[in-house]
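Here is how the chains run, residue by residue.
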Amino acid sequence: MNLTLKIWRQSDADKKGKIVDYKINDVSPDMSFLDMLDMLNEQLNNKGEEPVAFDHDCREGICGSCSLQINGEPHGPDRLITTCQLHMRTFKDGDTIFIEPFRANAFPVIKDLVVDRSSFDRIQHAGGFISVNTSGNTIDANAIPVNKHDADTAFDAATCIGCGACVAACKNASAMLFVSAKVSQFALLPQGRVEATDRVMNMVRQMDEEGFGNCTNTGACEIECPKGISLENIARMNREYLSASMKG
Amino acid sequence: MSGTLKSSIAKKVAMALSGLFLVIFLAQHFFINFTSVFSADTFNELSHFMGTNPVVQYVAQPILIFGVLFHFIMGFVLEIQNRNARKIAYAKYNGGANSTWMSRNMIYSGGFILIFLVIHFIDFWVPEISIKFIEGDMSGLDAAGNYRYYDHVVHAFEPLWRTALYVVGFVFLALHLLHGFQSSFQSVGFNNKYSKALKGFTTAYAIIIPLGFIFIALYHHLN
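Taken in order, these protein sequences are the chains called Y and C.
Everything in the first sequence is counted per numbering that gives the first Met the number 0, starting at 0 for the first residue and increasing by one.
Everything in the second sequence is counted per numbering that gives the first Met the number 0, starting at 0 for the first residue and increasing by one.
Think of the hints as simulated: they come from the structure by calculation, not from any bench.
All values reported here derive from a predicted model rather than from experimental measurement.
Every residue gets a Cβ at the ideal spot worked out from N, C-alpha and C, and that includes glycine.
One or more hints might be untrue.
One-sided and incomplete, this derived list gives chain Y residues near chain C with beta-carbon spacing under 7 Å [stated by the list, open to error]: (1) Glu59; (2) Gly60; (3) Pro107; (4) Cys214.
Listed next, the in silico DSS-like pairs over lysine-lysine satisfying Cα-Cα at most 25 Å (straight line) [said to hold, decoys possible]: (5) Y:Lys246 with C:Lys10; (6) C:Lys86 with C:Lys5; (7) C:Lys91 with Y:Lys5; (8) C:Lys5 with Y:Lys17; (9) C:Lys86 with Y:Lys22.
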């Protein structure tokens, strides 16, 4: 396959970026999208040009490192996969592919396609945990019965890998799907109920402070989420927040 | 509690509740208007009651005006905040792949509804308020001693341009409701096994009520 790539290039956070066109030939349909970018970078290196910086790590869809807005969609046009699981057979010979960083003020560009997603870490630090005293008397989590439905729903929420596709897809750059998944995975379990009020209040406050937009229920996040995190989590977070507000 | 009212969730809940209130008002408005199709007398009597009843005029009406203004102002404030959350736009953004046109363009459908509402107020509300509360004539009667409400409606829809404008206004209302009505339940935390049925109801409402308003406008124009 021969392709035209339109890639966002930005030398560092303070410089202005722009879309730069690259031609790439002999791309195998069996390559992953990141393999294709590796191939481009090899060619750029050979020509003495600066390779394109992009995030990646596990390359098997579980770490949440890879990002990329591909032809206007986070992780590309396929569903329930990350960019590293996207393969070039999704595209056709002669295609033009736009490759941009995940865009949001709360995700500033570090270089080229690499963005700083530490705002997600700060939201997690604000409440995405349970406090367990390691005094030696800690009760085994399995000793507390949890009904199957709640356990499964909590686990579904916990599959969020924090990649930021929800923010990238949302026209408002809202982080509600991510935050709601993190709130839900604890809210549904007895261990998480103890700090539920503070958790939702603190995580939502941090989310707002980071400068993410407001949710308008377009549902784009749910469609684009590589882990299929459901909008039900946002409804649950809204309920948790309203109930916590009444108490607080 | 006061601090939490500024949060993104509190704002979306406020948008949802004001929207739901306006949806209920819309149904009431529709059923009164619809009487004009089959009974001028019923329409006149209901209009006179609504226009002169102190509870409607001094309690419900101010709440309604507040609800409308709140919904519009908050809508614009949220839109500005949301646009500011992504200052550098994508070179290519394929919103159609993951969301409906209606859900992405609520500000435009809402903006057109605002323009329509201003015209609607000038057409019907301002003349009524002027006669009742400035001239002090609470009788609801015209010079010939008959109720003026039905005649006012019939005359208003004589020109094609106004009828067409109202039809377009109701189309935008339908587009706005198609997303807004069902979305308001998600905002207040309602998303469960009944949501699919609820979406069916809200979709039907979003189509039937504006279509009904269009029917009333066309009926009076053609008759």
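Right, here's what the structure says about each hint:
For Glu59 (chain Y), the suggested interface contact is broken, since its CB lies about 24 Å from the closest CB of chain C, more than 7 Å. Evaluation of the Gly60 (chain Y) hint against chain C yields a violated restraint, the C-beta minimum of about 19 Å exceeding 7 Å. Taken as an interface hint, Pro107 (chain Y) does not check out: its beta carbon lies about 10 Å from the nearest beta carbon of chain C, beyond 7 Å. Interface restraint check for Cys214 (chain Y): the shortest CB-CB distance to chain C comes to about 6 Å, inside 7 Å, so the restraint holds.
Straight-line distance between C-alpha atoms of Lys246 (chain Y) and Lys10 (chain C) comes to about 18 Å, which keeps the hinted pair within the 25 Å bound. For the hint linking Lys86 (chain C) to Lys5 (chain C), the alpha-carbon distance of about 22 Å falls within 25 Å, and the restraint holds. About 10 Å separates the Cα atoms of Lys91 (chain C) and Lys5 (chain Y), which keeps this hinted pair within 25 Å; it holds. Under the criterion of a C-alpha separation no larger than 25 Å, the hint pairing Lys5 (chain C) with Lys17 (chain Y) is inconsistent with the structure, at around 36 Å.
Under the criterion of a C-alpha separation no larger than 25 Å, the hint pairing Lys86 (chain C) with Lys22 (chain Y) is inconsistent with the structure, at around 29 Å.
Taken one by one, the earlier hints fail for this structure at numbers 1, 2, 3, 8 and 9, listed in ascending order.
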